[in-house]
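Novice: Residue numbers (our numbering), protein chains in the order written: chain L, 1 to 112; chain Y, 1 to 110.
Treat the hints with care, as some may be off.
What the hints assert, rightly or not - Straight-line C-alpha distance at most 20 angstroms; calculated SDA-like pairs for lysine to any residue:
#, chain 1, residue 1, chain 2, residue 2
1, Y, 59, L, 97
2, L, 9, L, 98
3, L, 9, Y, 97
4, Y, 3, L, 59
5, L, 57, Y, 55
6, L, 71, Y, 96
7, L, 71, Y, 97
8, Y, 57, L, 100
9, Y, 59, L, 60
10, L, 57, Y, 57
11, Y, 57, L, 98
12, Y, 59, Y, 32
13, Y, 3, L, 60
14, L, 9, Y, 32
15, Y, 3, L, 58
If you are wondering where the hints come from, they were derived from the structure by calculation, not from laboratory data.
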Amino acid sequence: NAGVTQTPKFRVLKTGQSMTLLCAQDMNHEYMYWYRQDPGMGLRLIHYSVGEGTTAKGEVPDGYNVSRLKKQNFLLGLESAAPSQTSVYFCASRSQGTGELFFGEGSRLTVL
Amino acid sequence: SQKIEQNSEALNIQEGKTATLTCNYTNYSPAYLQWYRQDPGRGPVFLLLIRENEKEKRKERLKVTFDTTLKQSLFHITASQPADSATYLCAYNAGNMFTFGGGTRLMVKP
Numbered sequence: 001n002a003g004v005t006q007t008p009k010f011r012v013l014k015t016g017q018s019m020t021l022l023c024a025q026d027m028n029h030e031y032m033y034w035y036r037q038d039p040g041m042g043l044r045l046i047h048y049s050v051g052e053g054t055t056a057k058g059e060v061p062d063g064y065n066v067s068r069l070k071k072q073n074f075l076l077g078l079e080s081a082a083p084s085q086t087s088v089y090f091c092a093s094r095s096q097g098t099g100e101l102f103f104g105e106g107s108r109l110t111v112l
Numbered sequence: 001s002q003k004i005e006q007n008s009e010a011l012n013i014q015e016g017k018t019a020t021l022t023c024n025y026t027n028y029s030p031a032y033l034q035w036y037r038q039d040p041g042r043g044p045v046f047l048l049l050i051r052e053n054e055k056e057k058r059k060e061r062l063k064v065t066f067d068t069t070l071k072q073s074l075f076h077i078t079a080s081q082p083a084d085s086a087t088y089l090c091a092y093n094a095g096n097m098f099t100f101g102g103g104t105r106l107m108v109k110p
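Make the full structure from the sequences, and use the hints.
Specialist: Structure representation (structure tokens):
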């Protein structure tokens with residue numbers, strides 16, 4: 001049972017480049033989330049989804065887009081990367097039964 | 001707006017002692033609070049959930065309390081071990097969103 005899997009784990013981008021982070025979960029969860037974690041800032045919610053085909057903005061959505069075409073996948077896109085988007089990105093899915101969040105191992109992104 | 005705060009300073013304790021971490025929130029009481037553990041380079045892992053109408057919740061050496069009057073949750077680890085060293089995060093839910101505190105780093109020295 002893989003749980004929540006994020007790819008890639010590491011990536012270095014140049015300013016202005018685009019990329020997509022993939023999150024996949026095998027627990028049949030409806031709710032999925034993308035967070036970023038920065039030193040001294042804690043986890044901040046970027047976007048989330050309450051089901052296939054739905055997305056919603058979180059606390060810090062600017063500069064990011066998301067898509068939830070399949071229930072098990074939640075994609076986070078950066079159309080034009082900026083150095084301020086250098087961070088560790090975590091995906092999570094939520095169990096409807098217990099309410100707990102299951103996190104992936106993180107994707108470390110550096111924008112030069 | 002609702003805020004959730006944890007002591008940003010690291011907590012250093014001796015092995016065998018009880019560690020107590022604090023989570024404070026402003027404004028309204030959330031329906032429930034959650035506590036997570038995060039090790040360096042890893043994603044957070046769920047530990048405990050406590051609901052608004054519950055005073056206390058226990059799981060092995062872990063205990064969580066929820067005081068709606070003080071707007072505070074306390075997280076205790078009894079008989080602490082070096083393996084308990086990690087960052088501990090509290091989180092509350094607002095509708096479908098989960099907001100996390102900044103976390104408190106716990107260091108248990110042998």
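Novice: With reference to the structure, classify each hint as holding or not holding.
Specialist: Evaluation of the provided hints:
This hinted pair checks out: residue 59 of chain Y and residue 97 of chain L have alpha carbons roughly 18 angstroms apart, not beyond 20 angstroms. At roughly 28 angstroms between alpha-carbon atoms, residue 9 of chain L and residue 98 of chain L are farther apart than 20 angstroms, so this suggested pair is violated. For the given pair, residue 9 of chain L sits about 25 angstroms from residue 97 of chain Y by alpha-carbon distance, which is inconsistent with the 20 angstroms threshold. With a CA separation close to 12 angstroms, the supplied pair residue 3 of chain Y and residue 59 of chain L stays within the 20 angstroms bound.
A threshold of 20 angstroms between alpha carbons decides the hint, and for residue 57 of chain L with residue 55 of chain Y the separation of about 33 angstroms lies outside it, so the pair is violated. Between residue 71 of chain L and residue 96 of chain Y the alpha-carbon distance is near 17 angstroms, which keeps this suggested pair within the 20 angstroms criterion. Among the hinted pairs, residue 71 of chain L with residue 97 of chain Y is consistent with the structure: their alpha-carbon atoms are about 18 angstroms apart, no more than 20 angstroms. Of the pairs offered as hints, the one joining residue 57 of chain Y and residue 100 of chain L holds, with about 15 angstroms between alpha carbons and a cut-off of 20 angstroms not exceeded.
About 34 angstroms separates the Cα atoms of residue 59 of chain Y and residue 60 of chain L, which puts this hinted pair outside 20 angstroms; it is violated. Only pairs whose Cα atoms come within 20 angstroms are accepted, and residue 57 of chain L paired with residue 57 of chain Y is rejected, the gap being roughly 32 angstroms. Straight-line distance between C-alpha atoms of residue 57 of chain Y and residue 98 of chain L comes to about 15 angstroms, which keeps the hinted pair within the 20 angstroms bound. At roughly 17 angstroms between alpha-carbon atoms, residue 59 of chain Y and residue 32 of chain Y fall within 20 angstroms of each other, so this suggested pair holds.
Restraint check: the Cα-Cα separation between residue 3 of chain Y and residue 60 of chain L comes to about 15 angstroms, which is no more than 20 angstroms; the hinted pair holds. Of the pairs offered as hints, the one joining residue 9 of chain L and residue 32 of chain Y is violated, with about 32 angstroms between alpha carbons and a cut-off of 20 angstroms exceeded. Straight-line distance between C-alpha atoms of residue 3 of chain Y and residue 58 of chain L comes to about 15 angstroms, which keeps the hinted pair within the 20 angstroms bound.
Violated hints, listed in ascending order, are 2, 3, 5, 9, 10, 14; each of the other numbered hints is respected by the structure.
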